[in-house]
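Chemist: The primary structure of each chain is shown beneath.
2 protein chains.
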Amino acid sequence: MRHARASNRVAGRSAPGYRARVRVRAFTDTDWPPVWQIMHEVVRGQETFPYDPEMTDERARQMWIETPPGLTVVAVDRERVLGTAKMGPNRGGPGAHVSTASFMVAAAERGRGVGTALLRFALDWAKGEGYAAMQFNAVVESNRSAVELYRRHGFGVIGTVPRAFAHPVLGRVGLHLMYHEF
Amino acid sequence: MRHARASNRVAGRSAPGYRARVRVRAFTDTDWPPVWQIMHEVVRGQETFPYDPEMTDERARQMWIETPPGLTVVAVDRERVLGTAKMGPNRGGPGAHVSTASFMVAAAERGRGVGTALLRFALDWAKGEGYAAMQFNAVVESNRSAVELYRRHGFGVIGTVPRAFAHPVLGRVGLHLMYHEF
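Going down the list, the sequences are from chains A and B.
For the first sequence, counting from 1, position 93 maps to 658 in the numbering used here; every step adds exactly one.
For the second sequence, counting from 1, position 178 maps to 743 in the numbering used here; every step adds exactly one.
Each hint should be verified, as a subset may be incorrect.
To be verified - Facing chain A, a subset of chain B residues (Cβ under 10 Å, in silico):
no.: 1; residue: Phe614
no.: 2; residue: His662
no.: 3; residue: His718
no.: 4; residue: Gly719
no.: 5; residue: Ile723
no.: 6; residue: Gly724
no.: 7; residue: Tyr744
Everything labelled a hint here was simulated from the structure, so no lab data went into it.
Ideal Cβ placement from N, Cα and C applies to all residues, glycine included.
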């Protein structure tokens, strides 16, 4: 039910023509090849995620595919996978009331609302699961489209760790800790 | 060599009588029973670590015992384990030049310089390994002895996530992101 509701809402906001017809649904095993292709592309680019660019398929799968209480989803246009997200508790025990999420969109599909659809899905999911807030631990400050997307959805920058991310073109840039209390 | 040097330095700073005679050395498998006892005590207290208080022995071991490029150590008085620390890269790939570390001291041994010895060891280690900085991602703001210890050793608070830690007595308190550039 929650999946269907989020999908409809996103579809209803999409302008025809230049935005993707995005549906967000739970990841299934048959989604792994396109999800890995997106991850591989994003991680090797080294512009947005502090992940090992030499990460193997197996390690990527361990890292990205969540089990309950977390969830991994894909954004699809019919059955074509445009992007993926994972979400769940940011920490354990006394920190488990704050959620986190991560998002990756295929390079060819950026700027068409896929990230927005995934973020809105994750926020709806986290609120529905009873989390008090969502936290992003390491948003690369030069990734302006992500920073602006998060700001538009209620996130603020708690602080920025200076020079914590070695961008291949820009050199060492900051990592924002971003946070949104529900 | 690095172990011996760090130990000597700590011993040289200890005031006789009321401070522990602390030596810091690499963890070995036979240290696991006392290390797990300390972890279990710390985690069940739920006052300082956002870890699951029901964590099993096996999960704790997976989480705490680092493999290269990370390192896990114990602080000992002769062969008695007083505390433990783990250290390594805070993130992967483009974030791997910033280190992190975590520290746990047995309740009965607190206030005797064990945490100080572990922190100094970790800082020496991280500098020796060529890291540019050390970051602590989630320091419970009510854990004043830890916050003050870190401040005395050059760490500052980059930001505080409000209400992100459910303290059993104080309710929801903040988590500091603390950082020290070398």
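Chemist: Find the hints from earlier in the document that the structure breaks and name them by number, from lowest to highest.
Modeler: 3 and 4
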